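Visitor: Hints in hand, dock the two standalone chains.
Here is how the chains run, residue by residue.
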Amino acid sequence: MIKAEILERLARDDATGLWIEPLLDEKQVGEVTVDLRLGYDFLVSIVTRRPYIGIARDDERFRPISTYFQPTRRELGERFILYPDQVVLATTLEYIALPIDCYADVLTRSSYTRLGIALSTMVQPGFRGCFSVELFNHGNNPIELVVGAKMFQMRLTKVADGLNYGGLDRKYFGNVRPTPSRAADDDDLLRLRAISEQQKN
Amino acid sequence: MHPRTDLALLAESLAHLSKTPYFNRAIEKHTHSLIEVIRHALTVSPPYDEEILRSFADKVWTCHRYLQGSTTKEAPYEIEYCMRHAISDWLTDPCLVTTALTDEKDFHLKPGDPWEFVAKTMDRYPGALPKEKLIFIGVPRIYKHMPLFCAALYHELGHFVDLARNVTDVTFLTHPVNGASDKVQELIQNHRREHFADLFAACYVGSGIIDSLDAINPLAEHSPTHPATKTRIEVIQGFLAGEGFDELTMYQNALQKLGMPRLEKRYTVPAIETSFDDIRPHNLADAAELHGIMAAGWSYLGRIKSGGGPKWTVGGNQLDVIRIVNDLTEKSIRNASIRHLWDEANR
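From first to last, the protein sequence lines are chains A and B. Each residue of the first sequence is one higher than the last, beginning at 1 in our numbering. Each residue of the second sequence is one higher than the last, beginning at 1 in our numbering.
Bound-form chain B, shown alone (with noise of 0.2 Å):
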């Protein structure tokens, strides 16, 4: 509750997770860094003030919420492993994503600044800091193996990116929103927000985000926060048709102005079809192909529930089919990283 208690609660309960074997390198290097950090903030003098110490504290809380989910060993490395890729589009600087499973239906991809912070407000801690950014992604834990049900995680980068970079903020220049309410005013920024990051994770996931809006809530009327599940739909498709329209040229003009990519399609969809229907994961020849498998694979349950799919799937209980198809696409995604990883290790 006090903030120096809590902060050396934090600060045992991290040194026993470095304690966990096989603890990761990269992260054991944040947690040890985070470790050091609080024993400076308890013992140096003069003391910081106490609303930086619970500050402070809050930012350790949450980063120790994602290095323990990193180091359960359950982390689902194979959406990691597309976002990475796709946070390289956009983001220069290294990073490093940690996970926690969530037992909520509730995704989201955040960043972690405790090293910003450090570096602001306690500046007399002497010891170097490491230079990865931090990036928490949550996930249900139900879906750890359901990456086709994570494709909602690109709309989250779109959230990331555009809270990184001011995206919204940036529209608001070239398109103002004259004598309209601050409420209005907010509703706006929302509504931008989130037509952003569909547009965003369309540019990797195609029609991929259309049938996940659609899984998740295809009724849902426009709100304060949210517009309604058919204009955002109506939006992609547009987007995805190659159509020209005043919003995406909103946008477009921002991250121009921001130095930024654009958005663009970003994907391949791989013809899964040959291998999925013989039960075998499928070759993804290079990053488009990754990021477009998420396409691919609700095309393919789409196929599946209208009744056209392969003789497999005829008959058998449709959570079966659900798990097998996500697994051929989670081991398709595997076998690529694996891949990566062993051509590097031979360059």
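Looking at chain A on its own, in the form it has when it is part of the complex (with noise of 0.2 Å):
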């Protein structure tokens, strides 16, 4: 989408509407993109004791996948110190509602990417929320991040038909902070594991 077609959208008040709250300054609307700032909630990864993070509910030494991570939250212009190599979940500052016919990707606006912070993700058309962040420093340094900078661009793009995307079933909807990781709530994985103990007689 260019930008006459995403104010377009920001002016619709319908499913097909885009909503993007708050948008702080108008020139985050770009020509292809729009810049989206970063949040104030943080689950940064700590290391336990537990030599890995378990993904299977079965395993009797399973933790939940929040105590891998710490949450710690700042105000609007405060300091967060992003040091190499360690994951830290944030969201970002604007809750978004896409419309149901677009698909947004997320991508690290270049000034952050060039400091070695990379992030691309893809969300559903109709998603409810704050965008998650992955935060990854793969530089040597540890990085200043400043809350409420305008961190990500979002690019997005039209689908041909509405998608009914939506409802308590979704694993991460109407999030307003980071979530950890629910790969453990995966149907999948107990199947898996079946044809692994099947495997096993």
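Just so you know, the hints here were simulated from the structure itself, not pulled from any lab data. Source: prediction; values computed, not measured. Don't take each hint at face value.
Claimed, not checked - Here chain B is said to cover these stretches of chain A; the calculated rule only asks that three of the stretch's residues, wherever they fall, bring their Cβ under 8 Å from a Cβ of chain B:
#1 16-28
#2 61-74
#3 91-100
Heads up, the beta-carbon is just placed ideally off N, CA and C, and yes, glycines get one too.
Guide: Printed below as a string of structure tokens:
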């Protein structure tokens, strides 16, 4: 989508409309992307006594994935240090409601990619929530980030037909703060476990 | 255990706290001042009386809890933001709100007065003391992202304002209880305090305080400390319906005598349905809607509970639904605070 289309979608008030709040500066809407800001809640990965993060719930040593992360909050304008090789889950400052006929690619702005932070993720049409962003510092130096800084950009692509996304059955629905991985909730894991058991017998 | 030992330990812990990365500057100022006063208290000659040190240690201990709470970076900024707006309606002095998450079902909002104590009793301290009053808020940890469940804090703020300005004490000048025993006098005072705090909360969150009372303890009977929930709700309902009644007049007269604002509706219930039905936060127009979202959110939860919720709430896990409604409320408040900060910085 180009700027004129994005602005037109922002003005719509139906399921094909785009809703971004707070959109603090109209200049965030660029020619082909919308700049998005770094949010204020973080989940910082921590080293625990467990040697790895398990995602199989039936493993007796399984512990919730959230226990491998520590939450922390900041105010707008405060700093957050992203250390090398550390996974930090954050969100965009903006809550976004995507049109039912558009998906979004979320990327780091080039200024941040050049610092060693790369993000590339896709968000489904009709999504509601703050976009989840997985920050990883690929460089050698810690990087100081500022809450509210324009770190990301969203590129919107129209799909041929509208989709019926949403509902409480979605894993990450209506999020306003970073959510730990729910990989352990994948239904396939039970079937895969059964296959593994069958092969052992 | 001994005040000097406790003060030394607290000074160590406060110094450690102040080295926490991203320590809030306003809080840092109070922390450094506390450390300086402790240093003075432990070294000054001739020494202060042990009882003064003991009282001071108790006050530092309390401050330490809340200052630490505000540096764990789990602080519920959204609730603090609402409280700051309400506090500014009643207190003209600059205030610093700090929050501790509690592990019990315990909401509170109380003054921290270390500086008043130091100014009065440790008059040989040569340094300047912070001007802001410290206000301590306690929120149950499990409700830190459940702003609707924190509507009870407005009731606690009512107690805070009452105690700060002796509102219910003044009611005894115009409405004395003659001939009653001390025990009965105390009971009446307690009940007047509770009714005042309820009416105060209703000024901000409207029927949200009735929903909160109903959720917390709907069948609570009359006790020496609290009127029965049923009676409390009737008084609030009368106030919200715009009825005039003796008890309300009594409080209004006391407030007038003290030169304080009247008990009146200070909220507007925002029309959140369109936004929340579409799983979007609501754009709050002003401070009146900021407080009013509590009533709107409770009403929205009630609609869902009675089966009249939007499609996305049907057939889902109820806890997920409650969590999302609270999240949308939290984000609505947070977006309002972000816009406020952004606009202020551009002035």
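Visitor: If you test the structure against every hint from before, which numbers come out violated?
Guide: none
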